[in-house]
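Enquirer: Sequences and hints are given; from them, build the entire structure.
Note that the protein sequences, when read in sequence, are chains V and H. Each residue of the first sequence is one higher than the one before, counting from 1193 in the numbering used here. Each residue of the second sequence is one higher than the one before, counting from 1193 in the numbering used here.
Rather than coming from a laboratory, the hints here were simulated on the basis of the structure. Treat the hints loosely; a few may be bogus.
Just a sample of chain H residues kept apart from chain V, beta carbon distances all over 12 Å, derived [stated by the list, open to error]: (1) HIS1324; (2) GLU1325; (3) LEU1334; (4) SER1341; (5) ARG1342; (6) ASP1405.
Partial selection, computed: residues in chain V whose CB lies under 10 Å from chain H [unchecked claim]: (7) LEU1282; (8) VAL1291; (9) ARG1342; (10) ALA1363.
Over 10 Å on every C-beta distance to chain V, these chain H residues come out as not near it, computed from the model [said to hold, decoys possible]: (11) GLN1239; (12) VAL1276; (13) HIS1295; (14) LYS1317; (15) PRO1366.
All residues carry an ideal CB built from backbone N, CA and C; glycine is no exception.
Each chain is listed here by its residues.
Protein chains: 2
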Amino acid sequence: MTDGRLVQPIKIARAYEQLAGLLRERITSGELGVGDRLPSESALAKQAGVSRSTVREALRILEQGGLVERASPRIMVVADRSDVPAFRELRRELRRRNVTFHHLHESLMTIDPELTRFAAIRADKSDIKALHEALDEQEEHLDHLAEWSRLDVEFHAQMAELSANPALIIAREPISQLLLPALYRFMDTREMAEHATNYHRRIVNEIEVRDPDTAAAVMRRHLNDWRTAWEKRGLDLHQEILDLSYTSKSEPNTVVSPHHEEEEERSWASSRVPRRSPV
Amino acid sequence: MTDGRLVQPIKIARAYEQLAGLLRERITSGELGVGDRLPSESALAKQAGVSRSTVREALRILEQGGLVERASPRIMVVADRSDVPAFRELRRELRRRNVTFHHLHESLMTIDPELTRFAAIRADKSDIKALHEALDEQEEHLDHLAEWSRLDVEFHAQMAELSANPALIIAREPISQLLLPALYRFMDTREMAEHATNYHRRIVNEIEVRDPDTAAAVMRRHLNDWRTAWEKRGLDLHQEILDLSYTSKSEPNTVVSPHHEEEEERSWASSRVPRRSPV
DNA sequence: CTGCGCTTATCGTCTGACCATCGACACTAC
DNA sequence: GTAGTGTCGATGGTCAGACGATAAGCGCAG
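Expert: Structure follows, in structure tokens:
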């Protein structure tokens, strides 16, 4: 059959790209937390077995990508990536197209159960342990709904991460960034939190016993409950979603002022001294 | 806004940042047009009066920023920033995370069948008519694979549109923008096009008789065929998708010549950048 | 505990080199 | 002429090592 091609195209593995990838992994995996200081360039070079020039090119990539930033002229730290530019753009695009609760919900109903299925297939022992821990923590905060909501976002993100499919994770992210904050606005009773947490527990259990289909099904029901709750509140399914993108965890309630973007031109043309600003 | 700050943070003028700024200016000012080739690194170094390392760091910034891209492993050109910024951003984010064929395919397998289902539920007479027309046109171009591919993209986009869910459409778009061009690179026989078109026809038929489940199922099989074809070509499912994808619509531009050297692999994956070194 | 200098680690940059590959051209065979 | 093949300079990827500037970190005096 006529393959036509004898060998496949080969992706060039540039050292600086590989290194950037490795560091990115360390960061996104949580091995390096926000604010953690990076080793010195020479240390990185030695550890990775490359030259400092290579390390620096990798750092430029990560820096430009927003994964790391300078805490001071010679200290690089892991940046707070709660708001990746790409996602900000995407959310804007979504709003521009007047997405409604229904749209977003339907999207998550499409993606999240599948993510759960993949998670059930791919999670290993330690992942499951982490899920249980997350669950426990969430249960401890049933009475602190703000904190509970934060943990809820994290739980779903964790699930997405376990799917080990960056494409799906990325596709899902802006959707959840728009939908979840909207949900938490009326998630205001302990009962609702309990109910949701129970679902989470069941999902994790199904993952643990390696039943992807059931796990996905439970996730689907869990999400359906959201819709039900929304309707019970008398809210319109077809109401547009405004961008309440949650920004920070530790900051005291800064009002999310619609910061106008699009004049970055200048601000990053020159070095920007990092400001611990809420996104 | 009362700023409160007495002095603005001073900016440190790193050479590589200044250079990046300069080049950026040249590009945005139109002095360098889309597709124009950049001077060689050494030439730039000489012109700017800096060392090549500095030039390279500047280039990494511009590259990561999407202002320039590689036309081939050693030719840098000014990138096309004409399409929707959000999608461009997203594609870059995807590439950044080293998505593979498998990731993208799995994502479309998750999203597209559902889109099809929704389309089957929501399409009206005129939509179906449009679908048939698109099909007919595609069938007329079974021998012009370039054109056929364009129509194929359109067909799938049309299907997405019929789902009437902007969130899913947007989430899907960058994925398909990366995956489809990769696919068409080996979609090179009339048989393959015929096969695919047949699937399309069946999908449209199922939509017409309002059988969402079957429509979704057929779409799923259709997509599965892609994966099969990919594998039959001896291509690696876990090969990263290189994205030189989208600019080559109109010009017969240089196809990225794949360079082979299969034993680069070893020095890379193993020796050069040590695994699991605690960064 | 605070503020001050001192030391040194670390960054920014440069030089010059090596190698593999690319691209273009010259050459050979049909 | 056209198509394959060989050659060679140009270019990119990487490295090792160096130097100056200065911020970070620390100890010490107040």
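Enquirer: Could you tell me which of the hints above the structure violates, numbers in ascending order?
Expert: Of the numbered hints, 9, 12, 13 and 15 do not hold.
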